[in-house]
Structure formats: structure tokens, C-alpha cells
Amino acid sequence: MQALKRKAYAQALRPLQEELAALARWVRHGGRRIVVVFEGRDTAGKGGAIDAIRAHLNPRQCRVVALPKPTEREASQWYFQRYVPHLPAAGEIVLLDRSWYNRAGVEQVMGFASEAQVQAFLQQAPAFEKLLVDDGIVLFKYWLCCDQAQQEQRFAERLADPLKRWKLSPVDLKAREKYADYTRAREAMLAATHTAYAPWTLVDFNDQKRGRLTLIRNLLDRLPDTRVPPDAVAFTPLPEAPLRERYGVLQPIPLIGV
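Residues 37 to 294 (my numbering) make up the sequence shown, in order.
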């Protein structure tokens, strides 16, 4: 399939983002709670997908959670414990840029977790998610897929681009050699944690633009009618002509000429 051009992508994304804005109103008015898990290989496009969803939503309502490496204290806790404080309250949406599934992915493949810890996680994760769903949380789990050739190209782009270099870590570089290991770990994870109440959805992100559109469309289609009219706002004319800014103590800095 031909890669999607930027203009066509923007035209297709706009109506989806309008539906996402309606979704946010539906969540807020109904006091609902939504969690969306984004998992996948390094460079798959998790950050871009999250940005496309949250771009026009209130950041106080729609929060992104991307937890760092656990502290020594956190490492001694029940594995799921540090994720619990980040779960949504009524009217909130939480987008997890990686999640508790780190244990079945990078921690397993890179040797940061023992086989016993991984097996315990695979047994406990469905029970943990059942508690969330039974309590009323709407849980979505997405795995973003990309081929190794595409991953290599994106790693090279990160290396060459000063704006993306921060995304390239020593762990990422080591992970390049473990593509097949990640595949095996993913398949074991899916077999253990793909349930009727918290199913996984795989999305092809070899074309990231098409992948974002597909993921958002799937997310919206799996919810009931979320159309809630915007709150009424009385936008009356000003009683007099608009005022210009006035400055006393300080002046604005000069604008840059282009």
C-alpha cells in the first residue's frame, strides 16, 4: 500500500480528532474512566499515536503516563503497585506509553526480570485487569507492529536527527539484536493475557500515519455513541471597541524576523 501523504493524513485525521473531542465530553459528563495501553517495539510509533489522540484534548482530563525505570523501593513492591496511582478518576482518560507489560517485554528480553517473575506476571496480569474492568474502567490494549527493516530505518533516523536523538538509548541499541526474542515474548504475552474482558488489538505501524488513523478509528468504533453536544457558551459582543495591550514595567522582546 502506498505511503500516506501528509496532506491526506491531516484531512483524514481531523474528523477523527473531532470525534475524540466528543469522546472526551462523553467521558466527562458520564464520569467514565478510560485507560489505553500502548505497547510495541522501539520505534513502532507509540508516541506519535498518543500525540495524535491527545492533541486537542484538555491535558487535565487526558493524561499521558510514561513511567521511568523503577526505583529501588518500587522494585521491592508488588509489581502492579506503582501503576495504580496513575489510574483515572471519574471523567478522565489515561494513555499509557508502555505499561505493566514492560515485564513481559523489555524486562524479560533484556534480562531485567527472572523467568519466575515473568511467569508470575503472566498469571497475575489478567486478574489485575479483571479487577480494573469490573470496577468500571474501560480498558484498551494496543500493540503497534513494525518490521525489522522499518525499525532499522527509524533507528538510523533517530541517530541522524538532533531532535530525535534523545529517543535512542543504549537499551534500544542492544534491543536491535533481539527482534526475534521480542516476537517470542510478545506471542507468549498475547497467549496469556488476551482475554474477553481485556483483549489485545494489533495494529500495523509500518506506515505510521495509516497506523494512527486505524488505531483511532478502532478505538472510537469500540465505544457506544459518544455524541454529547458542547457546553453552551454565551459569546456576546464586547460593550466597547477591543483594547490594545499596554505596557509599563516591561516591554515585549522583539519578534524574530524571517
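In case anyone wonders, no lab produced these hints; they're calculated from the structure.
Hints may contain errors.
Said to hold, decoys possible - Now the in silico label distances, taken between C-beta atoms and shown as ranges: (1) I289 <-> P235: 47 to 55 Å; (2) T231 <-> V120: 31 to 39 Å; (3) A44 <-> R96: 30 to 38 Å; (4) G293 <-> Q38: 23 to 31 Å; (5) R96 <-> E193: 17 to 25 Å.
Model, not experiment: these values are computed from the prediction.
Even glycine gets a Cβ: it sits at the ideal position worked out from N, Cα and C.
So, going through the hints one by one against the coordinates:
The supplied range of 47 to 55 Å is met by I289 and P235, whose beta-carbon atoms lie about 53 Å from each other. A beta carbon spacing of about 20 Å between T231 and V120 contradicts the range 31 to 39 Å that was offered as a hint. For the pair A44 and R96, the beta carbons lie near 32 Å from each other, so the given range of 30 to 38 Å is met. Between G293 and Q38 the beta carbons are some 40 Å apart, a value that contradicts the proposed interval 23 to 31 Å.
Taking the beta carbon of each, R96 and E193 are about 33 Å apart, not inside 17 to 25 Å as hinted.
Hint compliance for this structure: hints 2, 4, 5 are not met, and every other hint is.
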